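Undergrad: Fit chain B to the supplied structure of chain A, relying on the hints for placement.
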Amino acid sequence: DTEVTQTPKHLVMGMTNKKSLKCEQHMGHRAMYWYKQKAKKPPELMFVYSYEKLSINESVPSRFSPECPNSSLLNLHLHALQPEDSALYLCASSLRRPDEQYFGPGTRLTVT
Amino acid sequence: KNQVEQSPQSLIILEGKNCTLQCNYTVSPFSNLRWYKQDTGRGPVSLTIMTFSENTKSNGRYTATLDADTKQSSLHITASQLSDSASYICVVSADTGGFKTIFGAGTRLFVKA
Chain A
42 DTEVTQTPKH
52 LVMGMTNKKS
62 LKCEQHMGHR
72 AMYWYKQKAK
82 KPPELMFVYS
92 YEKLSINESV
102 PSRFSPECPN
112 SSLLNLHLHA
122 LQPEDSALYL
132 CASSLRRPDE
142 QYFGPGTRLT
152 VT
Chain B
185 KNQVEQSPQS
195 LIILEGKNCT
205 LQCNYTVSPF
215 SNLRWYKQDT
225 GRGPVSLTIM
235 TFSENTKSNG
245 RYTATLDADT
255 KQSSLHITAS
265 QLSDSASYIC
275 VVSADTGGFK
285 TIFGAGTRLF
295 VKA
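For the record, the sequence lines run as chains A and B.
Under the working numbering, read the first sequence as residues 42 to 153, first letter to last.
Under the working numbering, read the second sequence as residues 185 to 297, first letter to last.
Extracted from the complex, chain A is given alone in its bound form:
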C-alpha cells in the first residue's frame, strides 16, 4: 500500500464550527506533514510530526490544532476559522526526513 488517504475530500464550514481533517498511511512512514495550499501557489508547510511527536510548527495560528494519535494517523482539528483559511489542505508522509514525501489527494476546505 503506497497511498496516503485524506478525508473528507471537500468540507464547507462556518466560522463558529469545529471540524477535523483526517490523514492515514500504512507505509510504515514515521514522518507526517500538514500543508496548506492556496490556488496557483506552492504548498506551505504547517506542521511536521516525527515518530508521533510534533517537531515543526511553522507559526501556525492556534485555530489549527494537529494531533498524531499513532504512527499511521494524522488529524488536523479546526476551530473558529476565518474565510482566508479556505484552501487545499495536503497531508504527506515520508520514511524519514528528508526523504521523498508521498502526498495525499488533499481536502478542499471552504470557510463561510
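No lab work stands behind these hints: they were computed from the structure.
Owing to the predicted nature of the structure, the values given are computational and were not obtained by experimental measurement.
All residues carry an ideal CB built from backbone N, CA and C; glycine is no exception.
It is possible that part of the hints are untrue.
[Stated by the list, open to error] Just the calculated beta-carbon pair ranges, DEER-fashion:
(1) K94/A to A297/B: 42 to 52 angstroms
(2) H51/A to F294/B: 24 to 34 angstroms
(3) K296/B to E125/A: 33 to 43 angstroms
(4) F294/B to P124/A: 25 to 35 angstroms
(5) L266/B to S61/A: 34 to 44 angstroms
[Claimed, not checked] Only pairs whose alpha carbons sit at most 30 angstroms apart, straight line, appear in this in silico DSSO-like list of lysine-lysine:
(6) K60/A to K81/A
(7) K201/B to K82/A
(8) K296/B to K79/A
(9) K77/A to K284/B
(10) K255/B to K185/B
(11) K185/B to K82/A
(12) K94/A to K79/A
(13) K63/A to K81/A
(14) K81/A to K241/B
[What the hints assert, rightly or not] Not the full set, but computed from the structure, chain B residues with beta-carbon under 8 angstroms of chain A:
(15) G225
(16) R226
(17) P228
(18) K241
TA: Below, chain B without anything else, positioned relative to chain A:
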C-alpha cells in the same frame, strides 16, 4: 537565503511536442531535489528524486537532470500528452541537521490538441 525559482511560469505546447522546464536553486547544504506533478485540486505526485551524486533520472516520458555545480535542474517531457497538463513543482531539501524543504512556485503546463 534558500530559494527555488522555476521557469517559465506557464507554458502552452501542442500534443506530441517536447518541452523542458527549469529549476534554479540556492539551497544549502543541498540534500535532494524532487520534481512533482500536481493536477488542479489534487495532491502532488512524485516524478523523480535526485541526490547530489545523480545527474539524470528518468520516469517514463519524464527525464530530470541535475547540475549540482551550477545548482540547476531541468525536467524534460517527451511526446507530450493531454494528460500532462498540470503544474510541475520543483522541491529542494536542505539537510541542516534539522530539515528544510523549499518549494518552487511551479510551472503550469497546458498541452493542447
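Undergrad: Compare the structure with each hint and give your call.
TA: Each hint tested on the structure:
no., hint, in the structure
1, K94/A to A297/B: 42 to 52 angstroms, "holds, 50 angstroms"
2, H51/A to F294/B: 24 to 34 angstroms, "holds, 25 angstroms"
3, K296/B to E125/A: 33 to 43 angstroms, "holds, 34 angstroms"
4, F294/B to P124/A: 25 to 35 angstroms, "holds, 30 angstroms"
5, L266/B to S61/A: 34 to 44 angstroms, "holds, 37 angstroms"
6, K60/A to K81/A, "holds, 25 angstroms"
7, K201/B to K82/A, "holds, 26 angstroms"
8, K296/B to K79/A, "holds, 25 angstroms"
9, K77/A to K284/B, "holds, 16 angstroms"
10, K255/B to K185/B, "holds, 14 angstroms"
11, K185/B to K82/A, "holds, 20 angstroms"
12, K94/A to K79/A, "holds, 27 angstroms"
13, K63/A to K81/A, "holds, 24 angstroms"
14, K81/A to K241/B, "holds, 27 angstroms"
15, G225, "holds, 6 angstroms"
16, R226, "holds, 6 angstroms"
17, P228, "holds, 5 angstroms"
18, K241, "violated, 12 angstroms"
Hint 18 from the earlier list is the only one contradicted by this structure; the remaining hints agree with it.
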